[in-house]
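Colleague: Protein sequences, first through last, are from chains A and B.
If you use the working numbering, the first sequence corresponds to residues 754 to 1076, in order.
If you use the working numbering, the second sequence corresponds to residues 754 to 1076, in order.
Hints in this document: simulated from the structure, not taken from any laboratory.
It is possible that some hints are incorrect.
Where chains are identical, the list cannot tell them apart; a pair therefore holds if satisfied intra-copy or between any two copies.
SDA-like mimics (lysine to any residue), calculated; alpha carbons at most 25 Å apart, straight line [what the hints assert, rightly or not]: (1) K988 <-> D1057; (2) K988 <-> P783; (3) K798 <-> N999; (4) K988 <-> L1055; (5) K988 <-> P1001; (6) K1076 <-> D942; (7) K988 <-> N786; (8) K988 <-> L784; (9) K988 <-> S780; (10) K1076 <-> A781; (11) K988 <-> A781; (12) K988 <-> L787; (13) K988 <-> G813; (14) K798 <-> Q904; (15) K1076 <-> L800.
In this text, all values refer to a predicted model and were calculated from it rather than measured experimentally.
2 protein chains.
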Amino acid sequence: MTDATFAQPIREHLDRFNRTFARQMRSAVPLLNLVVRYLLRSRGKQLRPTLVFLSAGAAGGITDRTSIGAAMVELLHTATLVHDDVVDQAPVRRGLASINALWKNKVAVLMGDYLLARGLLLAVEHEEFEFLRITADAVRRMSEGELLQVQNFRKRRTDEGTYLRIIADKTASLIATCCQIGAVSAGADPAVCQLLGAFGERVGMAFQIRDDVLDYTSCSAILGKPAAHDIREGKITLPLLRALANAPAGQATQIRQLLRSTHRNGSVERIVAFVVDYGGIESAMATADTLVREAIALLEQLPDSEYRAMLAAFAQYTIERSK
Amino acid sequence: MTDATFAQPIREHLDRFNRTFARQMRSAVPLLNLVVRYLLRSRGKQLRPTLVFLSAGAAGGITDRTSIGAAMVELLHTATLVHDDVVDQAPVRRGLASINALWKNKVAVLMGDYLLARGLLLAVEHEEFEFLRITADAVRRMSEGELLQVQNFRKRRTDEGTYLRIIADKTASLIATCCQIGAVSAGADPAVCQLLGAFGERVGMAFQIRDDVLDYTSCSAILGKPAAHDIREGKITLPLLRALANAPAGQATQIRQLLRSTHRNGSVERIVAFVVDYGGIESAMATADTLVREAIALLEQLPDSEYRAMLAAFAQYTIERSK
């Protein structure tokens, strides 16, 4: 199953959406048009608009409101990516140089604010009050989640409760927003909107856990060693937390000390080996798997449809993907 | 007349507002509380909430909705200040070290996004759809204005039309928003809301022109020379544009060339002298004065009140202040 497969039942909607979106983004400021054109060219898999359309389909039917919701989440997501580039000082995004590297922090921050404002204005123009409520809350959760992660990074300490809260806020909130907005746009009952929101929340958490596992298991193309960016950056994620819980106390203490000296030769490799040896990978994936099972079980309360089937396939994909 | 004088008719409202605001800002993330507490301690003259309350008073009467509007603009303004700190890499804001210097870009960008989201959520919670429309449009204009300025900075060229558009978008839009939201919160007619918006737009532009003039006329405390930050940063503002228009063509061309080499010894001083010699200061101030006259004339369409009087006094102050 490839990424594009999920979009299959809604391909036409997505194509029309993309044409409208490019037109809506036109601005009187030439620099803005240049940056927007660059962003549109380098756009990703469009998982978020796809989820909006699929959720609308599964919740009763795609309407004109669905495209507005899809445009909102796409703008919001792009705004957070542009701001993340400043935050992470990322030189590359989706294989292309980041906006930050090309136009510096100044343009990246302003551009993110602009995209956020455009997204909100879209909802305001169409009087989509409920969309606004859902997305503004997601923006709050995303920034809170990221800030909580910064704070824990400083202390080099995270417990599992904090970890789960961070990934729920920083990642799952936007996925949940996509599903919820899709359902709202279909005119679904509040119970159905909530159900799809809960589906998205679980899938989003599984998605992030899989990301965190891949950071341990996928090898850097150049060195053939695990990427382990998270450890290098002092981020403690689920595989490590589980290994620390499984290992004898003495070993765990040693690893906690190593975490403070990841700049030293061999430290990162020792931590990765520890996580593998003490079953951190399997244990984290078991949790992701449970979340996906729960998410798919929620879907079964909805009538059967090709949209519902693709939502279930997407849920499954989040934990099976290898990148 | 001091800054605090404007707030005199609404002092009680403002005090109550400040107490509520601090409470509303509490978050479950300790780092956020720390940063928010820091921001509250270093808050400025609160001109923007003051304008919201005065406009509401002048437009018919302060209501519960007025405090919500004031909180929204305060959050929005603070968000833009925090983001400006990243953008300008400013080490100091209001005499204290900037959030950026203290917590790095990462926290500053996220914090700005968080404050923006909180502001929008406040309106959503109270179903203040009209507030949302006005503020989302202001956010769009502010980022567009800043981006237009970045773009013109690159070209080291600005004509007067572009300059006026930049200051309208980046500065006047938020002042206009304060006045308009105040009027809306008083339940005023659309015509009155528009009138107060137009008042704020003119006052905001005069405010920025005065800022740009002060950059030429106020002396740095240490060197006793004009600050001239704008020239050093390649920003071409109204005093220089007017001097270039007044001067003989040959002189103007020489100065345009100097603008490309402001790093050279003596260049900045020569440009400042040119602006003074060719009446750039007086000419720019005459425009600011006209804007303030127009703004005060608009107010005369409203019934007389202490609020209206303070709005007029504020308009006058924007061009008389020396810092």
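Colleague: Run through the hints listed earlier and report the numbers of any the structure violates, in increasing order.
Modeller: Checked against the structure, the hints that fail are numbers 1, 3, 4, 6, 10, 13 and 14, while the rest are satisfied.
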